[in-house]
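Peer 1: Sequence:
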Amino acid sequence: MARNLTNRLESRFLIRFLQSPTLFTSSRSIQTLAYEEVKTSGDRKSESTALILHGLLGSGRNWRSFSRSLASSLSVSSPSDWKMILVDLRNHGRSAEVEGISPPHDLVNSAKDLADLVKASGWNWPDVVIGHSLGGKVALQFMESCARGDYGDSTIPPKQLWVLDSVPGEVKAEQSDGEVEKVLQTLQSLPSPIPSRKWLVDHMVELGFSRSLSEWIGSNLKRSGDSETWAFNLDGAVQMFNSYRETSYWSLLENPPKETEISFVIAEKSDRWDRDTTKRLETIASQRRNVSEGKVATHLLRNSGHWVHTDNPKGLLEIVSPNFLSTHK
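Each residue of the sequence shown is one higher than the one before, starting from 965 at the first, in my numbering.
No lab work stands behind these hints: they were computed from the structure. Heads up, some of the hints might be wrong.
[Unchecked claim] Computed list of lysine-lysine pairs in DSS-like fashion (alpha-carbon distance at most 27 angstroms, straight line): (1) 1123 / 1259; (2) 1259 / 1278; (3) 1233 / 1047.
It should be emphasised that the depicted structure is a prediction, and the values quoted were computed from it without experimental measurement.
Generate coordinates for the entire structure from the input sequences, incorporating the hints supplied.
Peer 2: Here it is, written out as structure tokens:
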């Protein structure tokens, strides 16, 4: 039976079993975006879909551990089975190698990539979209475009968005500590190909970056002959970051689509937020409490910086799981 299953799924592969019902991860790349799948393989009559979107210079694999934990939790609490699609956004991960993904590299096209993936794969429109940092704004753009009917008359907006430590408005230079800009400028100045991962980490530490950040940047290298190259398209990623900074979704939050919920998770120790932004978001949340008219909610993740899925994954799960869409069905 296992041999037949393997033959049928071909490019998909079992990663590991967690608990009953079984959870497994599969991987596939098509001519839109590359992705991995984490799925509860129960026997419930209905199946729901969630898209998981990573941040700048990351990839879907960054969210494997959290997605497995969430799927495991939902396998107990949810009335339906779930499949979670860990997407590699354009210019990132394996999607950087996919042909046919054309510029401009902005949030609008990044969100359209998701719609193209849904259509090409024959899936139902996702019930939930979870996005971290850059991915959070891609999620907001996806919601806005779905509500406008940009992807066709049959489009259905997600019932719930989770925006993880991503500010909804424009990010002005004076509101940033400049670390992301400095990282991008440094990467653009490096030789190509990179001599080695050790050389990169040591070089960035010498320039004043933390060793943890330097090692994370190094994890985005891939072997190419006797040297290393990036697993992302750096120039395209820079364009996406510029679009992230320049785009605002305050109007969407002030008038969210009916029957939807947009939940923000604010990391307690994150440097992305200022008092005015937090206050404005909380004011909107206090006025948008009814899902039938479009709801906005905020959650504070304590003991965490911007990297919520590694700084405090347990705390993040404790926020998301009980408030996840499936628990309200």
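Peer 1: Next, verify each hint and record whether it holds.
Peer 2: Against the structure, the hints come out as follows:
| no. | hint | result |
| --- | --- | --- |
| 1 | 1123 / 1259 | holds, 10 angstroms |
| 2 | 1259 / 1278 | holds, 25 angstroms |
| 3 | 1233 / 1047 | violated, 31 angstroms |
Going through the hint list in order, the structure does not satisfy hint 3, though it satisfies all others.
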